[in-house]
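Undergrad: Each chain, written out:
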Amino acid sequence: MFISIFLIKSNQQPKKYRIFTLLFQQILIVGFFIFLIKTSSPFNYIFPTPNEGLGLNPILQDPALAIHPPILYLGYVGSSIIFSSALAAMVTSYVSKEWAKHIKQWVLASWVFLTLGILLGSIWAYYELGWGGFWFWDPVENVSLMPWFALTTLLHCILVLEKKKILTSWAMILSIATFALSMSGTFLVRSGILNSVHTFANDPERGLFILIFLFTLIFLSIFIFIFFHSEKEKLENNFFWLSKETSILVNNWFMMYFLSVVLIGTIYPIFLEVITANKISVGPPFYNKLILPFLIPFLIAMAIGPNLNWVKSDFKDKFYMTIFLIISFLLSAVIIKQFDINFLINTILVTSAFFLFFSTFREFFAKRFRNLSQNIAHFGFSLLILSILFNNIFSNEVVTNLKIGETFKTEKFTINFENIEQEDEKNFKAIIGKFNVQNLDGTLDILNPELRIYNQPNIITSEADIKTNLLTDKFMTMNYVQNQEYFNIRYQVKPFMIWIWISVILISFGGFLSFFKKRYEI
Amino acid sequence: MKSKFISLILILIFLITFVIFFKGLKNSNIYTPDTNLKKEVPSFELKSFENDSIVISEKIFKDNDYYFMNIWASWCIPCKEEHEFLMKLKKDDSIELIGFNYKDNYKNASSFLKDLGNPYDIIVSDKDGTASIEWGAYGVPESFLVYQNKIIKRFIGPINNEDLLEIQKIIR
Amino acid sequence: MKFIHIFLIIATILNFNFLKADEIKTENKIAKNLRCLICQGQSVYDSDSEFAISLKLVIKNKIQEGLSEEQIYSFLKMKYGEWILYDPVFNRNTYFLWVLPILIFLAGGAIIIKRFYNKK
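Residue numbers (our numbering), protein chains in the order written: chain U, 1 to 522; chain X, 1001 to 1172; chain S, 2001 to 2120.
In short, the hints are calculated from the structure, not lab data. Since this is a predicted model, take the numbers as computed values, not measurements. Some clues are possibly wrong.
Among the chain X residues that face chain S by a calculated CB cut under 8 Å, a handful are [said to hold, decoys possible]:
(1) D1128
(2) G1129
(3) I1133
(4) G1136
Here are the simulated SDA-like pairs of lysine to any residue, each with C-alpha atoms no more than 20 Å apart in a straight line [to be verified]:
(5) S:K2060 x X:Y1138
(6) U:K279 x S:L2067
(7) X:K1023 x U:F215
(8) X:K1090 x X:I1170
(9) S:K2077 x U:A277
(10) S:K2032 x U:F215
Covered stretches of chain S, going by a simulated chain U footprint (3 or more residues, C-beta under 8 Å) [said to hold, decoys possible]:
(11) 2064-2072
(12) 2076-2088
(13) 2091-2097
Each residue gets a CB set at the ideal place from its N, CA and C atoms; glycine is no exception.
Use the sequences and the hints to build the structure in full.
TA: Listed below in structure tokens is the structure:
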């Protein structure tokens, strides 16, 4: 189906190029088809017929879960088309501005799907897993994030390519990398080589097949890249150091850095285990340490970059920029001071995030909505960073053991455990806790977290109760403790939670909007 | 010349990655710690299972005797599986069995022992599970073979007939 | 005199509360940096398995005994191996893990700068 869309879309392109694209696409499809037949055999039915299925792991019985892999998958398919068309363009030496224009839509489409897929995945994690977080640096999350970084880089790079014929080999490498990363994602998830929440179903035999297939493709593309791709781009390669091109290069540079951090963090333990038989874990602290400091220059560059001209530019809006910088610094200093958290890095981070926020906000007006899609996406990104930062800095959490009728008091709120109720549902029994939380300002929240006891398979899960409003999320889970009268209660106040979702939707909406534009405007 | 060199290196890197992933596939991703550690027995002070008297580890583990330290609980289903092997092990005079009653209450645990028999010479209760952490344990059931104040072998999960034979071979 | 006495008591109480809040903070921080060994990719803090609950208690006790964060990490590393730590320590094994991304960053910067030099 995707191929037919591709055919219709590309009918103004040279014939030879189209044929090659289809050829490579066919290779991929045949590969996956063999994979299906060889390992999963949909044509065999199970014999003997089992009396009762094992039952789906109950945390998988959720609509957000059911749709996030297909959407991610759409993104992956998009990346496969980028991959085959990049190969084809190299073989027929059709790497040009026209090609860039044509492939940009595919990059955009897969980028939007990938973004949405990641969003849905983390929404699922937040509502269903009951740990009160949205991103865990879990290896499988990382695996979906890596193609996203590569695609985002490609997207920016294609914009340059569309304007002038520079950075062609870089764009080629990125197209290949995006697809290779999506494929290795499939490999890492399905083979069970990683220890993560996602390894629900795994099978080494499939892993082996994907592994061989993946590396055949990588070698194939390296060969094509070496033999067919020649750099004829020296002619136009002159731009001033302060220009849009440079800012995009800087963007690429940082993106690649983030990508390499995530990539190395994810696969390093595998390497180490094979080579030295030592097992280590690479978790959130590692990523935070390596990514956060680099986020600051990245955000500032992102604020300045879009305002620059092609080829040569100077700082036009010095006045505005300085004012924004000062305002954001003061604002963040005040906020951080207010909450009595003395982290230097926090202040600087929030400052740069605010800086980006203001400057993208101003762009809406300065550019008179001419470049709406990019603006929205960038604005969404600044909002995302801000809400993630605030969410991390100001979240408040309490873990305690409570019996029925007990209360728990902190400086900011009081939790009353009033009662429990039992309900029988179709395939589980629910124990519902009745809580009310008295806040400092006198408002009262009623929260009813649940414990669900499933019979098929016999698992106890806890269902969080979340009260969402524009400013904060209140999140409560209740857990059963072996042989005790009390329950383990976890209560979290998470500010700006909903803004994280909103900003990601904004980002993908920005990407979506640029479909309707014929050309990238200055 | 230069570009060929780079591409050669690239291919080499990917080949190495391939080999490593290939090998990694064969390793299981379930964590299996080293079972033959020669670690000192951690000292503990715990309440006895039957009454509230305090049991000190130094008084239990004496030199030149074999001890089998078994973490169990009445709510743990695999513990029922391994129980028959514990009962068989009890018949051996050269080993003393020590029960670590993990996060359990007296009523359930004693009726568990009444139904299935009591294989232990000494039982201590680890109400909050912290003492088991000191032993480096993961959960129930888990067992440690102790000799001369050292853990010479550990068994994660229920013991089976093979484990039983192995223990009997060691203590003889 | 009496006034000072009361003041002192209040001060100690306040101080105690402050310490307690601090303890909970470090406790959570430590638990977040530990892998729940019997779970699939969860931290001890996030998990509610028996193992994680006991481990959280152990952390709490160790803090009250006056052990520092580092001491608790090394205690657990001794008991359970490096696999339990989410924040890999910098040693011979993890040398590349920490340095490689930074090297890539520098190399990227070098390539970009080189482009401008070549132009001239």
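Undergrad: Next, verify each hint and record whether it holds.
TA: Going through the hints against the structure:
no., hint, verdict
1, D1128, "holds, 5 Å"
2, G1129, "holds, 3 Å"
3, I1133, "holds, 5 Å"
4, G1136, "holds, 4 Å"
5, S:K2060 x X:Y1138, "holds, 18 Å"
6, U:K279 x S:L2067, "violated, 26 Å"
7, X:K1023 x U:F215, "holds, 15 Å"
8, X:K1090 x X:I1170, "holds, 15 Å"
9, S:K2077 x U:A277, "holds, 16 Å"
10, S:K2032 x U:F215, "violated, 36 Å"
11, 2064-2072, "violated (count 0)"
12, 2076-2088, "holds (count 8)"
13, 2091-2097, "holds (count 4)"
In terms of the numbered hints stated before, the structure departs from hints 6, 10 and 11, listed from lowest to highest.
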